[in-house]
Amino acid sequence: MSKMSVLLTLLLPTVLAAPWKVLDDNFPDPSVIQTKDGFYAFGTTGNGVHAQIAHSKDFTSWEKLSHDALPGPFPSWVKSESPSIWAPDVIQRNDGTFVMYFSAIAKDERKHCIGAATSSSVRGPYKPAPNALACPIDQGGAIDAAGFKDSDGSFYVVYKIDGNSLNTHGGKKHPTPIMLQKLHSDALTPSGKPVQLLDRDDRDGPLVEAPSLVKHGDTYLLSFSSNMYNTKWYDVSYATAKKVTGPYTKSTAPLLESGHQSDVGKLVAPGGADFLPDGKRILFHAFNNGENMKKGRGVWAADISIDGGQIHI
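Reading the sequence shown from the start, the letters are residues -17 to -1, 1 to 296 in mature numbering (1 follows the signal peptide of the UniProt record, and there is no 0).
These aren't lab readings, by the way, just hints derived from the structure by calculation. Among the hints, a few may not be true.
In silico lysine-lysine, DSBU-like type, Cα no more than 35 Å apart, as pairs [to be verified]:
hint, residue 1, residue 2
1, Lys156, Lys215
2, Lys249, Lys263
3, Lys47, Lys198
4, Lys110, Lys263
5, Lys233, Lys277
6, Lys90, Lys132
7, Lys225, Lys4
8, Lys278, Lys155
9, Lys215, Lys4
10, Lys176, Lys40
11, Lys215, Lys249
12, Lys277, Lys155
13, Lys249, Lys278
14, Lys19, Lys110
15, Lys277, Lys4
16, Lys263, Lys19
17, Lys215, Lys155
18, Lys110, Lys198
19, Lys277, Lys94
20, Lys198, Lys132
21, Lys19, Lys278
22, Lys155, Lys62
23, Lys40, Lys215
24, Lys110, Lys176
25, Lys176, Lys226
26, Lys62, Lys132
27, Lys263, Lys165
28, Lys225, Lys132
29, Lys47, Lys233
30, Lys278, Lys90
31, Lys4, Lys19
32, Lys233, Lys40
33, Lys4, Lys132
34, Lys176, Lys4
Pairwise CB distance ranges (calculated) [stated by the list, open to error]:
hint, residue 1, residue 2, range
35, Pro113, Arg76, 36 to 46 Å
36, Lys155, Asp91, 20 to 30 Å
37, Gly79, Glu274, 38 to 48 Å
38, Lys278, Ser67, 15 to 25 Å
39, Asp133, Ala112, 15 to 25 Å
40, Ala1, Thr172, 35 to 45 Å
Treat the numbers as computed from the prediction; the structure is a model and nothing was measured. Positions of the beta carbon are idealized from the N, C-alpha and C atoms, including for glycine.
Kindly produce the complete structure, drawing on both the sequences and the hints.
Here's what the structure looks like:
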């Protein structure tokens, strides 16, 4: 090969495969972790369990497991008879223990709060810690927690204050900020006060939610979803910063939105994306039937590339 051919090859952009569907089941808000025996995904309450779990050896083919990763019992702050677990997310501590962050309905309330649970096995069962990690009931509660381990070994959790749960038809739209909470080395105990990373603006509709954080080089990338999850306007966007605490600058266009092509046709309402820590792949959900939520939300996988603080898919 000539020097010119080599140069042209290096200058050509990487061509990524279209996102591919990996689960037909109703498995919303997927999170993903890589372990020694492959990849694990966790999803919102459904199919008779509080926290759904799936496994893949290669990130291409996935199998949903039948057991409940978070079977309970739940601590006293949770409405145990119907906890409605949303968006469980798992990271691994330095001692090998796995920590699951989850949202559950708070006892005597109609709002969710965030808790954490631990297990010696990535498959669970996870045992919840006694106290809530974040519970701003007066602001609408808190949901969509996702763990993050920085390059210096520090642990954080990002989450959404669920302000839109306070909205009324035609009334004021409440803030839905994405928050960052630093944690002690146990990845359970808050260290200091949470920091706001970003909030919705006019193009986001009534909310931003479902954050996921990854670091690539010296840049932090924060993915999030905008608009309502049950509409075709739901999407995935991202923002970037040079410090984990921000300030974050939103991308000029969504990373994923309805109409984006996949291996089974055009996506509708893609959202709830989660990065692998290597910044090369994501999981996300979209409408199974390509029209609405009647058949639930299945899971898609995608390769991504990050260049100059921009994500390509």
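Evaluated hints:
| no. | hint | result |
| --- | --- | --- |
| 1 | Lys156 with Lys215 | holds, 20 Å |
| 2 | Lys249 with Lys263 | holds, 22 Å |
| 3 | Lys47 with Lys198 | holds, 29 Å |
| 4 | Lys110 with Lys263 | holds, 31 Å |
| 5 | Lys233 with Lys277 | holds, 32 Å |
| 6 | Lys90 with Lys132 | holds, 30 Å |
| 7 | Lys225 with Lys4 | holds, 33 Å |
| 8 | Lys278 with Lys155 | holds, 32 Å |
| 9 | Lys215 with Lys4 | holds, 18 Å |
| 10 | Lys176 with Lys40 | violated, 38 Å |
| 11 | Lys215 with Lys249 | holds, 12 Å |
| 12 | Lys277 with Lys155 | holds, 29 Å |
| 13 | Lys249 with Lys278 | holds, 16 Å |
| 14 | Lys19 with Lys110 | holds, 22 Å |
| 15 | Lys277 with Lys4 | holds, 18 Å |
| 16 | Lys263 with Lys19 | holds, 18 Å |
| 17 | Lys215 with Lys155 | holds, 23 Å |
| 18 | Lys110 with Lys198 | holds, 29 Å |
| 19 | Lys277 with Lys94 | holds, 24 Å |
| 20 | Lys198 with Lys132 | holds, 9 Å |
| 21 | Lys19 with Lys278 | holds, 33 Å |
| 22 | Lys155 with Lys62 | holds, 28 Å |
| 23 | Lys40 with Lys215 | holds, 32 Å |
| 24 | Lys110 with Lys176 | holds, 25 Å |
| 25 | Lys176 with Lys226 | holds, 17 Å |
| 26 | Lys62 with Lys132 | holds, 30 Å |
| 27 | Lys263 with Lys165 | holds, 25 Å |
| 28 | Lys225 with Lys132 | holds, 16 Å |
| 29 | Lys47 with Lys233 | holds, 34 Å |
| 30 | Lys278 with Lys90 | holds, 30 Å |
| 31 | Lys4 with Lys19 | holds, 23 Å |
| 32 | Lys233 with Lys40 | holds, 34 Å |
| 33 | Lys4 with Lys132 | holds, 28 Å |
| 34 | Lys176 with Lys4 | violated, 39 Å |
| 35 | Pro113 with Arg76: 36 to 46 Å | violated, 18 Å |
| 36 | Lys155 with Asp91: 20 to 30 Å | holds, 25 Å |
| 37 | Gly79 with Glu274: 38 to 48 Å | holds, 44 Å |
| 38 | Lys278 with Ser67: 15 to 25 Å | holds, 21 Å |
| 39 | Asp133 with Ala112: 15 to 25 Å | holds, 22 Å |
| 40 | Ala1 with Thr172: 35 to 45 Å | holds, 42 Å |
Comparing the model with each earlier hint shows violations of hints 10, 34, 35; every other hint is respected.
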